[in-house]
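Mind docking chains B, C, D, E and F on chain A? Use the hints.
Protein chains: 6
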Amino acid sequence: MKTSARNFIKCKVKEIHQGIVSAEVVLELADGQQIISIVTKNSVEDLELKPGMQVNAIVKASSIMIGTTD
Amino acid sequence: MKTSARNFIKCKVKEIHQGIVSAEVVLELADGQQIISIVTKNSVEDLELKPGMQVNAIVKASSIMIGTTD
Amino acid sequence: MKTSARNFIKCKVKEIHQGIVSAEVVLELADGQQIISIVTKNSVEDLELKPGMQVNAIVKASSIMIGTTD
Amino acid sequence: MKTSARNFIKCKVKEIHQGIVSAEVVLELADGQQIISIVTKNSVEDLELKPGMQVNAIVKASSIMIGTTD
Amino acid sequence: MKTSARNFIKCKVKEIHQGIVSAEVVLELADGQQIISIVTKNSVEDLELKPGMQVNAIVKASSIMIGTTD
Amino acid sequence: MKTSARNFIKCKVKEIHQGIVSAEVVLELADGQQIISIVTKNSVEDLELKPGMQVNAIVKASSIMIGTTD
Chain A
2 MKTSARNFIK CKVKEIHQGI VSAEVVLELA DGQQIISIVT KNSVEDLELK
52 PGMQVNAIVK ASSIMIGTTD
Chain B
2 MKTSARNFIK CKVKEIHQGI VSAEVVLELA DGQQIISIVT KNSVEDLELK
52 PGMQVNAIVK ASSIMIGTTD
Chain C
2 MKTSARNFIK CKVKEIHQGI VSAEVVLELA DGQQIISIVT KNSVEDLELK
52 PGMQVNAIVK ASSIMIGTTD
Chain D
2 MKTSARNFIK CKVKEIHQGI VSAEVVLELA DGQQIISIVT KNSVEDLELK
52 PGMQVNAIVK ASSIMIGTTD
Chain E
2 MKTSARNFIK CKVKEIHQGI VSAEVVLELA DGQQIISIVT KNSVEDLELK
52 PGMQVNAIVK ASSIMIGTTD
Chain F
2 MKTSARNFIK CKVKEIHQGI VSAEVVLELA DGQQIISIVT KNSVEDLELK
52 PGMQVNAIVK ASSIMIGTTD
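Chains as they are written, first to last, in our numbering: chain A, 2 to 71; chain B, 2 to 71; chain C, 2 to 71; chain D, 2 to 71; chain E, 2 to 71; chain F, 2 to 71.
Hints were generated in silico from the structure; no laboratory data involved.
Heads up, a few of these hints could be off.
Identical chains blur together in the list; that is why a pair holds if it fits in one copy or across any two.
In the EDC-like style, the derived pairs of lysine to aspartate or glutamate whose C-alpha atoms are separated by at most 20 angstroms in a straight line are [what the hints assert, rightly or not]:
id	residue 1	residue 2
1	Lys51	Glu16
2	Lys3	Asp71
3	Lys13	Asp32
4	Lys3	Glu46
5	Lys42	Asp32
6	Lys15	Asp71
7	Lys51	Asp71
8	Lys3	Asp32
9	Lys13	Asp71
10	Lys11	Asp71
11	Lys13	Glu49
12	Lys11	Glu29
13	Lys13	Glu29
14	Lys11	Asp32
15	Lys42	Glu16
16	Lys11	Glu49
17	Lys13	Glu46
With the rest of the complex left out, here is chain A:
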């Protein structure tokens, strides 16, 4: 399957915090930067996400904002 989402960022699952309907998944880029994702608890189970697993963070281009560094 190919999708219209423009962004597939390679990272690794670092931690998973389960809630009742949502879950917070902490991802880590190769250079150590962290990415935080909120998905449904069911997604974590369906994808069998576990710390150490290689995944892609997927983001639609219209969901990405830009900030200056100063």
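Below, chains B, C, D, E and F alone, put in the same frame as chain A:
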């Protein structure tokens, strides 16, 4: 200013494609991975974005999906 | 690839309207209901979208609102 | 009230899973396909959502991605 | 129709800038603060938006971030 | 830091409802209108949000829909 957005990913502006109301900004991570962002044309002008500039890609945690790599 | 996006709705491409950086894609469900999607112009080209093609409309669960019918 | 949201998809409430601040609502299209929506727990109460109720899944066009079926 | 969107902010249309598929609509709150919305060009036509018209800016709660003022 | 997000709406924190991974923050505009935001529980802690605190509601332009008032 601190914000509730959980994700600030360091990257560099690579290319800017201007439309009439929107603009596509191609960003590059340190390891060469690309991130595509759609912002308003006015944002590109207000932030004075130019190729080579260091910026942050900012994403709300609830806008990040996860995909398996297989 | 499996993704955390909970919604994959089967539909068919009906029309494509190209802008400069964005494109509006009109999709059609089996029962004739229409779905409108805004993606980047580059996505339309990469996926080689054409009228009549079978695709999935993919939506993250947190992007779906609910309205009453009255 | 008319809104700029381009997508109103007719469906029926199938299941509701309540969390503390969020709720997962499982919707069903006429052809049996399911749609999963995450809304606030307060929305479920205000709209008095119940299994069997006819509703619309409402989605902004820029929140819809497209995936190929192969 | 009632919707699960938690935010209906009363404002007035100030300016409309049409693109090819998207349009930028500048809204104004009672206290003079501005809100910028990107919708499809077709939405502007369907809602017959015009400067001076009273409207609601509608936002899903999960799309609102919070920033400190310092 | 300047960001591409077009909307910074001045408001005050009114109430905070903590869940396990998410939190619902009720904000109030100067004219009394309310804004509801869902952020991660960690954001509430990092920003040290408390009732009475002045903040900005930040929204990307593409997340704002428009509704007519009739």
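Hint by hint, here is what the structure shows:
no.: 1; hint: Lys51 / Glu16; result: within (8 angstroms within a copy, 27 angstroms between copies)
no.: 2; hint: Lys3 / Asp71; result: between (37 angstroms within a copy, 8 angstroms between copies)
no.: 3; hint: Lys13 / Asp32; result: both (11 angstroms within a copy, 15 angstroms between copies)
no.: 4; hint: Lys3 / Glu46; result: between (23 angstroms within a copy, 12 angstroms between copies)
no.: 5; hint: Lys42 / Asp32; result: neither (27 angstroms within a copy, 26 angstroms between copies)
no.: 6; hint: Lys15 / Asp71; result: between (29 angstroms within a copy, 19 angstroms between copies)
no.: 7; hint: Lys51 / Asp71; result: between (36 angstroms within a copy, 15 angstroms between copies)
no.: 8; hint: Lys3 / Asp32; result: neither (27 angstroms within a copy, 23 angstroms between copies)
no.: 9; hint: Lys13 / Asp71; result: between (29 angstroms within a copy, 14 angstroms between copies)
no.: 10; hint: Lys11 / Asp71; result: between (27 angstroms within a copy, 12 angstroms between copies)
no.: 11; hint: Lys13 / Glu49; result: within (13 angstroms within a copy, 29 angstroms between copies)
no.: 12; hint: Lys11 / Glu29; result: both (9 angstroms within a copy, 13 angstroms between copies)
no.: 13; hint: Lys13 / Glu29; result: both (5 angstroms within a copy, 19 angstroms between copies)
no.: 14; hint: Lys11 / Asp32; result: both (11 angstroms within a copy, 10 angstroms between copies)
no.: 15; hint: Lys42 / Glu16; result: both (14 angstroms within a copy, 16 angstroms between copies)
no.: 16; hint: Lys11 / Glu49; result: within (17 angstroms within a copy, 25 angstroms between copies)
no.: 17; hint: Lys13 / Glu46; result: within (17 angstroms within a copy, 25 angstroms between copies)
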